[in-house]
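Taken in order, these protein sequences are the chains called A and B.
With the first sequence counted from 1, adding 9 to any position gets you the numbering used here.
With the second sequence counted from 1, adding 553 to any position gets you the numbering used here.
Please keep in mind that the hints were generated in silico from the structure rather than gathered at the bench.
Careful: at least some of the hints might be erroneous.
What follows is a list of derived Cβ distance ranges for each label pair [as the list claims (entries may be wrong)]:
(1) B:595 x A:131: 23 to 33 Å
(2) A:118 x B:612: 11 to 21 Å
(3) B:602 x A:157: 45 to 55 Å
Where a beta carbon is used, it is the ideal one built from N, C-alpha and C, also for glycine.
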Amino acid sequence: MASSFSPDQKKAEDDAEVQSLRDGDLRATETFVRNHAPWMLALARRILKDEAQAEDAVQNAFASVFQNLDSFEGRSAPKTWIHKIVVNQALMLLRKRNRLQEEPIDDLMPVFDENGCRFEDPWTVLETPETIFQQSQAQKHISALIDQLPDAYRVVLILRDIEEMSTADVADALSLSEANVKVRLHRARAALKRLLEPLLRGDAI
Amino acid sequence: MSKKPKSMMRRIHGMMFKLPLMITCEQFEDFILAYLEDDLPKRQKMLFEIHLKMCRECREYLEAYRTSIELAKDAFTPDDANLPDEVPEDLVKAVLAARDT
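Just chain A, with the same shape it has in the complex:
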């Protein structure tokens, strides 16, 4: 991403990029595909956890981008627009795998007694992200733990906390109410906290 550009320059560059795609310029199209495919693949992989399906989602997303070039009005940056398309295409494949059913994650939820008081083992140590990431395998290990969450929760956590989409946009993409997105996000975070506990309490990976 060219951060040295002023917003106006970036906008002019984006407009030119979209225009050359509209003109059907094949070389510009190839450059466009090579520039955007890496982050699109990374995003699709995160959602689908499957390389072949991620490539399918990206291929479908490019097809949708090209098909809808005329309706792209430039009110947002092309990347924001393409991001939404990749998310939708990836979710469509995930739905086809029938993986967005709500599955129980009660085992990973916090526990309370009959008075509504929390059971929480005392935290004598709470590691910081900085110290945890000093372990070379940390990133891989945490990604693998996130992947353990049931898809219906995992996807909400990825779209909200990692992709930083708004609650409204996530609700829209998943055809859920905003209230439901919030409930799932909180449960996903609570479950992840439980899965990360050994790491947070200082156990080595």
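We have chain A already, so just place chain B on it with the hints.
Structure of chain B alone, referenced to chain A:
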């Protein structure tokens, strides 16, 4: 999670959280998301913060909850600078072929 026999402290908490201006840990749990998004009405925010001050379990829980969000972000956050440049050639060809027809 160890469910130890009810300690004196736990019984005191159970009674205390029934007093006015007190919420239980279970109610606190329901407020967490809105609290972190600064989306709680003033009164609920106050109740949340009173509970936070009084309850060791919830204070530590919230701290660990926040840290785990940070960990997830750091482990997964898209970083364009670190993305591999190479794209599977088959994918590029398939996209361009579809575009060409």
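Are residue 602 of chain B and residue 157 of chain A spaced within 45 to 55 Å by their CB atoms? 33 Å, violated
Range hint 11 to 21 Å (beta carbons of residue 118 of chain A and residue 612 of chain B) holds or violated: 19 Å, holds
Quick check on a hinted range of 23 to 33 Å for residue 595 of chain B and residue 131 of chain A, using CB atoms only. 32 Å, holds
Figure legend: structure checked against the earlier numbered hints; the only hint not met is number 3.
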